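Listed in order, the protein sequences are those of chains A and B.
Mapped onto our numbering, the consecutive letters of the first sequence carry residue numbers 89 to 243.
Mapped onto our numbering, the consecutive letters of the second sequence carry residue numbers 5 to 125.
Treat each hint with caution, since some may be false.
Stated by the list, open to error - Derived coverage of chain A by chain B (criterion: at least 3 residues anywhere in the stretch with Cβ under 8 Å from a Cβ of chain B; other residues may be distant):
hint, region
1, 118-128
2, 137-146
3, 172-180
4, 219-233
Hints listed in this document are in silico derivations from the structure and should not be mistaken for laboratory results.
These figures come from a predicted structure and were not determined experimentally.
Backbone N, C-alpha and C fix where the C-beta goes; we use that ideal spot for every residue, glycine too.
Here are the chains, one letter per residue:
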Amino acid sequence: MTRPLNIFPGEPPNKPPIVFERRWPSRIDKKQEILDEVVDLLINSGWVIADDRAWLYLCFDEIVVNAMLHGNEGDPRLEIELTVRLSDDRWVVTVSDQGEGFEESHIPDHEDPQALMLEHGRGIRIMQEWLDELIYYRGGSFAWLARARADRPQT
Amino acid sequence: MACDFLMVQRYDNIVLAKVMKERLLDPPSISSLAEALNAECDRTARISLVIDMSDVGYLSSAMIGKLVAVHKAAKLGKGRVAIAGLKAPLLAMFKVTQLDKLFEFAADAEQIIQLYRRKPL
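Chain A on its own, in the form it takes in the complex (with noise of 0.2 Å):
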């Protein structure tokens, strides 16, 4: 069943504490090294098992193209910043970009049979599947995306 999507007008949050902090111009070209860097961090760390990489690349994927082309419009003058945040039980993904966010009404419903041949729209269902937590902040240009740390300790 399709998870609604929580989009808050307001900040984010300030914690967990930032581990890890990125600034990119809107340049499609540089996404595969963002990814790269990004997923490395999280699977290096024993935050992310190897086996979820997959995952990780479409999540990061989808999140930093929507970034770049939705929010900052591929004006290559205007920057994402990626942030990853870290607490003792738990990974999240923020990433920022200068657009004026989006409505939910945007997103195709996926559950509705009309839209199955759609060939837009799935990837936040794709994220919510996996993730924890997806929520956007600041109308829909502040994505956070969370996950129970594959390292963290099993009560």
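Position chain B relative to chain A; hints supplied.
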């Protein structure tokens, strides 16, 4: 546009298209693969297209969307499309978005080719 990582073998109207690339993430690769697959659908009426994705480790939702377009092109010519060899996480991504209702999936290409030979269109 030629797709330099797609190997196509044709057996009458059964077309095996093997994708020889690990990452389907960058827009040029996605576009060239989609164009090549669509061209196969345009070329062959009642196509039984088997896309072998056993070499693919990573793909984007944009690539999944392009495969939906390939399915549409095949259906237009009264054909069908199967995807073979998808790794478990990638198969899960298709199922999450209900695309298992659209495509046939098989563990390997040979399995689905045999099925298509037994049940021609």
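Hint check against the structure, violated hint numbers in rising order:
The structure conflicts with hints 3, 4, although it agrees with all the remaining ones.
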